[in-house]
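Take the sequences, apply the hints, and build the full model.
There are 2 protein chains.
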Amino acid sequence: MQQKRAIGIDLGGTNIRIALLSSSGEVMGIHKQPTHAEREVGQILEAMASGIMHLINEYHIEREDIVGVGLGAPGFLSLDAGVIHFSPNLPTVKETPVVALLEKLTGLPVYLENDANAAAIGEHWIGAGQGSRNLLCITLGTGVGSGFILNDTIWHGSNDLAGELGHTTLFLDGLPCNCGRKGCLEAYVSATGIVTRTRLALSGGRSSSLSHLLAQGENQLTSVMIYEHAKKGDRLARELLEETGKYLAVSLGNVLNLLDLETIILGGQVSQAGEFLFRPTIEEVERRAIRAAYHPLKIVPAQLGDHAGIIGAAKTAFDHSRGN
Amino acid sequence: MQQKRAIGIDLGGTNIRIALLSSSGEVMGIHKQPTHAEREVGQILEAMASGIMHLINEYHIEREDIVGVGLGAPGFLSLDAGVIHFSPNLPTVKETPVVALLEKLTGLPVYLENDANAAAIGEHWIGAGQGSRNLLCITLGTGVGSGFILNDTIWHGSNDLAGELGHTTLFLDGLPCNCGRKGCLEAYVSATGIVTRTRLALSGGRSSSLSHLLAQGENQLTSVMIYEHAKKGDRLARELLEETGKYLAVSLGNVLNLLDLETIILGGQVSQAGEFLFRPTIEEVERRAIRAAYHPLKIVPAQLGDHAGIIGAAKTAFDHSRGN
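As given, the protein sequences belong to chains Y and U, one line each in that order.
Per my numbering, residue 1 is the first one in the first sequence, and the count goes up by one each step.
Per my numbering, residue 325 is the first one in the second sequence, and the count goes up by one each step.
Please keep in mind that the hints were generated in silico from the structure rather than gathered at the bench.
There may be inaccurate statements among the hints.
Here are the computed lysine-lysine pairs in the BS3-like style, where the Cα-Cα straight-line distance is at most 25 Å [claimed, not checked]:
(1) U:Lys506 x Y:Lys298
(2) Y:Lys182 x U:Lys570
(3) U:Lys506 x Y:Lys246
(4) U:Lys622 x Y:Lys182
Residues of chain U clear of chain Y, computed beta-carbon distances all greater than 12 Å [to be verified]:
(5) Pro358
(6) His384
(7) Glu427
(8) Val519
(9) Gly557
Reference excerpt, derived from the structure (chain Y facing chain U, CB under 10 Å, subset only) [what the hints assert, rightly or not]:
(10) His85
(11) Phe148
(12) Trp155
(13) Asn159
(14) Leu161
(15) Gly166
(16) Leu259
(17) Glu262
(18) His295
Model, not experiment: these values are computed from the prediction.
Ideal Cβ placement from N, Cα and C applies to all residues, glycine included.
Now the structure itself:
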């Protein structure tokens, strides 16, 4: 008997990543293509189907050895129904029964999962969350994605809408957020939020080597560049990352006081700031989380990088095939 | 065969309530006595044991028909170990193995539960949370107690420290909280917090019929009196309750965005303000909770009043006896 395999897909606004995985979590092959999100949804689905077929052929896998396809997707989803209702970065995907459509195109069973949840499942399976029964996995990218593992199982909530840490309130009447609300955590600690706060500080007259970047053009000022300038000693860049850690820690302290988790995993481009972000985050969480006085906390970097989503999506397919 | 019964205890800083319950949740008898929290812990335990015996004798119950005793207690507990580590309102109860001690005194199996969790279990069983798979039950009293039911089960967290909604941060550098931190929700929306905010408003020169109360003595200004004055049309009292609802809603919105629950139950003396509190709370939650746009929310008053804790504690004993 052949070893069982699964396909994991990370359907993003920019790229579609498709991977072939072994049941131990090994990424055997990967196929990446631009999403071209402006295309018709049918074309996006066909691109995914052909990517899957490409991998199956390339690695000489028998179709019957594929337990299924896990599809990690952003936006508001109904998981059991297999529908993406709405996804800000995929404008043509609206009330789309992606599971039924992709099953028809591939002949394989397809399982839908929220992309941030897929990352949490991946990190819990073979990443930074191994052995932690209760954890929160956060991706600090353009937005803030997050997923809870509770009792070793992803937490979907009553309507598949759980895990929106990015839209918890940090300041009651704070900066505007992309979601239309004000003061959301995402408006402060996402890559976009950090850049916004940097612009505000610079326009307020703060002197910093970052002001040269801004003068070079709109797109030069990024969270990664802010980290680079912090490393070189720029005072404002360091303060902004320190403040980012503190803000993040307020929300993490809230989560810990509510749910008493063992582990918090930080991934995404912002988390690359390393100690400039982790140190202030951990210090402030220790001040705010009641459990910190009694039990050690683990606030750790993600281990799977960009692969967390595809690995977690594939795990979803393995779990479903075992009837979990 | 006789019907099975359980004992539920609510060990508070002021009173000890002990109840005899049927397996359908009927409170058959109740025994209430002052805690005299300054007593030695051994005396408090003996008082509980004699209360239990009193009820068993009064209702002519055979000991073998009692499945066990559920003990709801405040503070930091280790549930499986049956230990109360520390409880602010029970100064003599420190690192006390209450389960072992009470089992020795009564000969009955004893199960420990956090008091706020016991209230959540009670409301979920036969109160306002019946039929809701995922809920948060909040008691707005001197402090803010809360307990989560997730997948029809109380959520304890990794170290029995879950459910501390009262110590989530509302304002990063806000009013001092009894826990030693700043800006906790409890410092704003507990009965104590509302009175503090009222005093601040009055000392800031706001005119209100409440200022006469304050002039009558320290203890005249209570959250219940503020509600009474709101009913009579006092503008400041109404504003304070409106603001209380808004503050509470920020934290509830956060919980809903994190966990996507079906139901939130509000109990305790502050919740008696009824529409003066519930209306602004619901309005603000609808602005902040993502799920509000997609699925109806239930934010409802508790139904079991002071009995929620004893009912939930007894349920804990029934569940344990069934091996849950």
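Each hint, compared with the structure:
Restraint check for Lys506 (chain U) and Lys298 (chain Y): satisfied, since their Cα atoms lie roughly 24 Å apart, inside the 25 Å limit. Distance check on the hinted pair: Lys182 (chain Y) and Lys570 (chain U) sit about 14 Å apart at the alpha-carbon level, within 25 Å; holds. At most 25 Å may separate the alpha-carbon atoms for a hinted pair to count; Lys506 (chain U) and Lys246 (chain Y) meet this at roughly 14 Å. Distance restraint check for Lys622 (chain U) and Lys182 (chain Y): the Cα-Cα separation of roughly 24 Å lies within the 25 Å cut-off, and the hinted pair is therefore satisfied.
The Cβ of Pro358 (chain U) lies farther than 12 Å from every Cβ of chain Y, with a closest approach of about 29 Å, so its non-interface assignment holds. With a closest Cβ-Cβ approach of about 42 Å to chain Y, His384 (chain U) is found to remain outside the 12 Å limit, as its non-interface label requires. Remark: the non-interface label on Glu427 (chain U) is consistent with the geometry, its nearest Cβ contact in chain Y lying 25 Å away (cut-off 12 Å). Listed as a non-interface residue, Val519 (chain U) keeps its Cβ farther than 12 Å from every Cβ of chain Y; the least gap is roughly 21 Å.
Every C-beta of chain Y lies more than 12 Å from that of Gly557 (chain U), the closest at about 27 Å, which supports listing it as non-interface. Nearest Cβ of chain U to the Cβ of His85 (chain Y): about 8 Å, under the 10 Å cut. The hint holds. Restraint check, Phe148 (chain Y) versus chain U: the minimum CB separation of about 7 Å is within 10 Å; hint holds. The interface hint given for Trp155 (chain Y) holds, since its Cβ lies 7 Å from the closest Cβ of chain U, which is under the 10 Å cut-off.
Contact between Asn159 (chain Y) and chain U, as hinted, is supported at the beta carbon level, the nearest pair being about 5 Å apart and thus within 10 Å. A cut of 10 Å between beta carbons decides the hint on Leu161 (chain Y): the least distance to chain U is about 4 Å, and the hint holds. With 10 Å as the threshold, the beta carbon of Gly166 (chain Y) comes within range of chain U, its nearest partner Cβ sitting at about 8 Å, so the hint holds. With 10 Å as the threshold, the beta carbon of Leu259 (chain Y) comes within range of chain U, its nearest partner Cβ sitting at about 5 Å, so the hint holds.
Taking 10 Å as the C-beta cut-off, the interface hint given for Glu262 (chain Y) holds, the closest approach to chain U being about 5 Å. Interface hint at His295 (chain Y): satisfied, since its Cβ lies 5 Å from the closest Cβ of chain U, which is below the 10 Å cut-off.
Hint check: no violations occur; every hint is consistent with the structure.
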